[in-house]
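Q: Going line by line, the protein sequences match chains X, P and W.
Residue numbering for the first sequence follows the numbering used here, starting at 1 and increasing by one per position.
Residue numbering for the second sequence follows the numbering used here, starting at 1 and increasing by one per position.
Residue numbering for the third sequence follows the numbering used here, starting at 1 and increasing by one per position.
Treat the hints as calculated values from the structure; they're not laboratory data.
Please note: incorrect hints may appear among the correct ones.
Unchecked claim - Heads up, simulated DSS-like pairs for lysine-lysine below, C-alpha to C-alpha not over 27 angstroms straight-line:
id : chain 1 : residue 1 : chain 2 : residue 2
1  : P       : Lys172    : P       : Lys126
2  : P       : Lys115    : P       : Lys126
3  : P       : Lys245    : P       : Lys56
4  : W       : Lys104    : X       : Lys304
5  : P       : Lys126    : X       : Lys245
6  : W       : Lys302    : P       : Lys337
7  : W       : Lys92     : X       : Lys304
8  : W       : Lys162    : W       : Lys258
9  : W       : Lys197    : P       : Lys337
Because the structure is a prediction, the values reported are computed rather than measured.
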Amino acid sequence: MSKLHRRTVLRGMLGGSAITVGLPFLDCFLNSNGDALAATGASLPPVFGTWFQHLGLNPGMWEPETVGPNFKNNIQLEVLNPFRDRLNIYSGMKYFIEGKPLQTHTTGSQIAMTGEIPFGTSGGPSLDSSIADVIGRRTRFRSLEVSFSGTRDSYSQRSGTSINPSEGSPAAMYQRIFGPDFKDPNAAEFTPDPHTMARKSVLSAVSEHVKGVMNNVGANDRARLDEYFTSIRQIEQQLAIELEKPAPLEACSMPPSPEEAPPGTVLEDAATNAKLFGGLLAYAAACGQTQVFNIMVDSMALRKRGSAYTWHMATHEESVDDQLGYQKGVFEFNEWANTIFAEFLGTLENVKEGDGSVLDRTLVLWLTDHSDARVHGLEKVPVMTVGNGGGRIKTGMHVSAPGDPVTRVGLTVQQAMGVPVNTWGVDGNETSNTISEIMV
Amino acid sequence: MPQSKSVRLASVAVAALTFVATLSVTALVVSPAASVEAGGASPQTFTRRLTPDQYKTIIADVFGKDIRIGGRFDPGLRVDGLLEVGAGEVSVSATGMEQYDAMARSIANQIIDDKHRRLLISCEPKANDKPDAECATQFLGTVGKLLFRRPLTSEELNLHVEAAAAAALVEKDFYKGLALSLAGMLSQPQFLFRHEVLEADPDRKGAYRLDAYSKASRLSFLLWNSGPDERLLEAAENGEMSTQKGLTRQVERMVRSPRLASGVRAFFSDMFHFDQFDGLIKDTQIYPKFSSQVAVDSRDQTLRTVVDHLLVRKGDYRDIFTTKKTFMTKALAAVYKVPFGMNLPNGSPDAWMPYEFSEDDPRAGILTHISFVALHSHPGRSSPTLRGKALREIMLCQKVPSPPGDVDFTLVQDTASEEYKTARARLTAHSTEPACAGCHKITDPIGLALENFNGGGEWQTTENGATIDTSGALDGVSFSGGEGLGEAVRNNDAVASCLVNRMAAYALGKKPGPVKSQWVSVLESKFADSGYLVQDLMKEIAVSPELFRVSSSNLDELTMLMPRHRPDKEGE
Amino acid sequence: MPFKNYENAPGIFGAKVNSLAVALTVSALCFAGTHAVAMDKRSYVIEWFSQASHSTDGDCPAGINPPTRQQYYESFELLGFEPEEVEEQMKKYAQGGMPAANAKNILRMRGRIDGEPVNGFVHPWTVADPNLNSVKSDYALGFNLDGQVSDASFTEPMTNEKGIDNQLFRAMGCIEQFRGTYDHPPTFWAFIWGSMKETTPAWLMTVEGKDLGSDGPVTITFDRALEHITFGPTGNAVSHITYRADPDPRSHHEFAGKIENNVLSITDPGELRLLLDTLSFPEFVLFNAHLRMTIEADGSLKGLIGGYQPLWDYYFGIAQGGLAYEGMIINDAPGIYHSLKRHADGNPDPETGEFTSISAAYRIDAVPAFVVPAEAAAYQNISSR
């Protein structure tokens, strides 16, 4: 009887001390220097980004021939071959407008980022915002928005009335991140999130109690009970890790201050700024300053130096070449953008972290406003993801989903990043159909 | 640290009682009311996991329909033909637990937000930034009873109030603390699993029965696919459930309620394997009409038809295989190729209207619905074998053996074959090869009668230019076409007993074994006498003492009790 | 008794409509299956609509008209700007911001009434004619509308019929965005139809005859639906969707026709009017409307509809986008006006003798559908949120 009493007392006490969380609780997880424990096994947090590029891609020149894994890139995406294993291509999907007026170049973008066509400022959060709510709560910047042409436009928003504007100047962005307010994450004192502490305390108390009371079960049910407790335990462990000082960010170092090209619509300048922004974002992630970024390529207005002929004009004015069967000038613009994209991915890959790189824990979602920009097409819209956010999705797949809403990709990506959502989008763009082929 | 001390003491007290109870057999003989108060004194069990529908319905019942439930559920397991039986064998994976945890916190956060707080929390704390045991007790006790489907033990309630208080201290917010504690409740096995507590049966020596709250749960999940409502819990509390009269009164109340339709939908959705719709993919080149809207609508069409026929019209169960009355949407009408105009604003979501296939329309009965023919087909072609197998296993409760591992499917998959133009021709080997015929004669003659329905559910009279021959046979009865099949199924002996067995298993959570078999026979004959009325069958099951009895000889079968409690020990 | 064009003064909802509605109702209700009725009837929804161009190599010997930005050089010249001034203005146009806005305004206001600048799109006749190049080719898609063969007419590339009247193609066919083939629509039309097809109420056709499986006379009825087209996962319209025919008689027209060798055609041409969309023509009007559609194996229809289209309908249909459309997709709106006037060949004005319409041909595709009459109190076409 006394043995049981003692056991029960201990159990109760563990339950008791877990409930009264305070600073003492913290101590037992840090050593006296406040350094992180070595073998936590905790992985570095994921990074999520959107790459928004208007005007689609040349129809028929980006879709791989085969569906599923081991696809071969079509000609327009060959420049992404070094990243083929990290690349997912989603084809056949459409933007649904059903009776609402089509605002060319805007409607598709709105659906891509928010899942709906808003009335005025009625819209909800963009998907990056929902993701930042889950993975970006504790970083200095919930998200960072940049544009290559210098525009302040952005499709990232907390709501229809709260847009996150893009930064067009790499120098200004540098100041913002690495300027006087920058604090070296490896030197900082760690304060655990009180909310996480509260969560863990409740979860632990509850599961301890249940374990204690529910030990009168048969063999079959005991096995199931054990499985249940193992699952709960895993959450407790995750929370415990979050309450510890995070592993040091070895890759974090100050990037050099950039010398930027003048913001504007010239292609060559945009390319320069793209490179600079790529580096800034990579280091921002490596230094834990943000976990979410949004890139606005701003394709519409871009043009070659000395020419007034913009990318947008090309899509409408240029004829489909008789011999080639596609718009040649538009193809060049698309190639240029895809090359810039590949360079950006390369920049992320070059920032090494341990055995891997920033790209290893990044998931970039490539979105556009139309499929065939020439006719403002909304069907067979190209969508891509590069990276798996630290193992959150399967990659190297061509997913074909003819007639399905593009929001399937947005839904799946949000789910993979931990947003508790099982339906996303409104009206015809509403979907609960996760792309199971890529879910782990 | 006064708080932890009281918890410690409470734990001690409870554990002490538990320990005492495990040694003393007499502790088993407790009155229904006391069994709950003692906390752990009577043996508890750990049976079926809530289905996603049940989870959502309970949240909607307790907190309102506008609470959004995001997140995904672990998949179910089908055992003995039912997910409801498989629910007794699954637990929660790590991913599933993460989802439950996130779901629970999301639900709790909505409950404490400005929109819902005043409506759902009937008390106010003395201060918003500090714990308040009184208000927390009131709220958590009230909702806890509905969520756990029985009153919380004082230990459970104290634990949750303490947890809320501790979290409120850290967060400096009463409501945030309350939400975390509530989220903890929603993650507990007492919520996620349907526990069934046994007590000694006063009417039969050495046997056990479910306690009043467990009875209430069995009723509410069978009839309403949800947890017991306040009224039913009250009946459990005051002993009403323990008398046959009281039980019948409650059952009649629940059967009269429109919520019976939810129970019927949930049952047939399970029995008809409609969970397969989740993974249903059709080749859009071959079946361009089969959109995801059509998939969703076709499932709903059959469930509406069944509910309408069985509950609204109070029709003969067997007639669901022949009825021309159904429901239709615009998307479905395109697949059925019937005109179907509705006066709605442009761009409205799909709306439902009652619809009846005309006299000379070859569609009649649920076997000719898209939900049957398209679900049991391949992505790009029909399948007489799959359809025949589905009919046998789903509607007639008959087992069809699996195919051998080394079958060459190339011939049957060649839908463009010049020589074998129809599926019937391609499946000739099934009937001519002796190794194949044994099993295939059980399935193919059924499915071949449905060959007018292609893999997307559309009507066709020819295949590759050849006229389709839809002659078929079922257990010696010959017929032609889907209408003929429906007639034959309706009149087949196995149809009614299959339903009764399935429903009994659904209610019990287990396939009825030899002990229950007599009860099932009685149910079957009553079902026939009533004119095969499903509502009466459900009521009959719900008021049967057998639904709640657990005999000593089948304790093993139930695996519900701790080994120490087996009555073959000395001194009982 | 074949029906000619349906005279419709505004506001006629009367006995004629109702009896038609009753007839349609009865036949619609019977149309649920494969049994024989007194009359065989099939309905369709038009899922594709675009101008019919048959562009070939060398059909513009004077050259394809230059893209808009280049065309603007000429626009400035025609206004009297010196070459250096023209260069300067075009530089500003490329710059963006205020300089571009000023240059664009000059272009917008390039009409002249008594020397004063006026909007060139609204008053195209006051803009100097840039003399856009037109088609010189033997072939064009369409119909012989006047029953004559002349120098101004084409040969049909598919049927080899001579005397084809398609002056609209002649006027527009050397502008890049209006060039195309039977199977590949011109860019402008792909853009317009693509913008409209998911929102505009659909056009419906009903063909009725003794036995539509064999040759014989038929009645062809056009209607407008209350619903927009339902598209499926493949991007094509879904077959066998039910559409409600708008009781508004403005779009209801019947023609006598025939089926011969799997080709459906109108035998008694008349006036056709179909309400469309402000994105294109608010009302699509064809005088002396002809039809020729092939009945495909899967039951769908594919072919041409043509006739004389009022000049102003066509002009404003494409010029209404003003400078934005011009910069994007139509090259030179007032210039097009002049081309249309130059090539117009129908409905001469009784007083002046000037032609007020132009021969035209359009490509249409249709898939099987059900048409049921809407109740007289039909809902407005506003989609719910």
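Q: All the hints need checking, so say for each whether the structure fits it.
A: Consistency of the hints with the structure:
In summary, the hint linking Lys172 (chain P) to Lys126 (chain P) is supported, as the alpha carbons are separated by about 13 angstroms, within the 27 angstroms threshold. As the CA atoms of Lys115 (chain P) and Lys126 (chain P) are separated by approximately 20 angstroms, the hinted pair is consistent with the 27 angstroms bound. In summary, the hint linking Lys245 (chain P) to Lys56 (chain P) is not supported, as the alpha carbons are separated by about 32 angstroms, beyond the 27 angstroms threshold. In summary, the hint linking Lys104 (chain W) to Lys304 (chain X) is supported, as the alpha carbons are separated by about 21 angstroms, within the 27 angstroms threshold.
Of the supplied pair hints, the one linking Lys126 (chain P) and Lys245 (chain X) is violated, its CA atoms being roughly 36 angstroms apart against a limit of 27 angstroms. With a CA separation close to 21 angstroms, the supplied pair Lys302 (chain W) and Lys337 (chain P) stays within the 27 angstroms bound. Proximity of Lys92 (chain W) to Lys304 (chain X) is assessed by CA-CA distance (about 16 angstroms); at most 27 angstroms being required, the pair is judged to hold. Among the hinted pairs, Lys162 (chain W) with Lys258 (chain W) is consistent with the structure: their alpha-carbon atoms are about 21 angstroms apart, no more than 27 angstroms.
This hinted pair checks out: Lys197 (chain W) and Lys337 (chain P) have alpha carbons roughly 23 angstroms apart, not beyond 27 angstroms.
Checked against the numbered hints above, the structure violates hints 3, 5; every other hint is satisfied.
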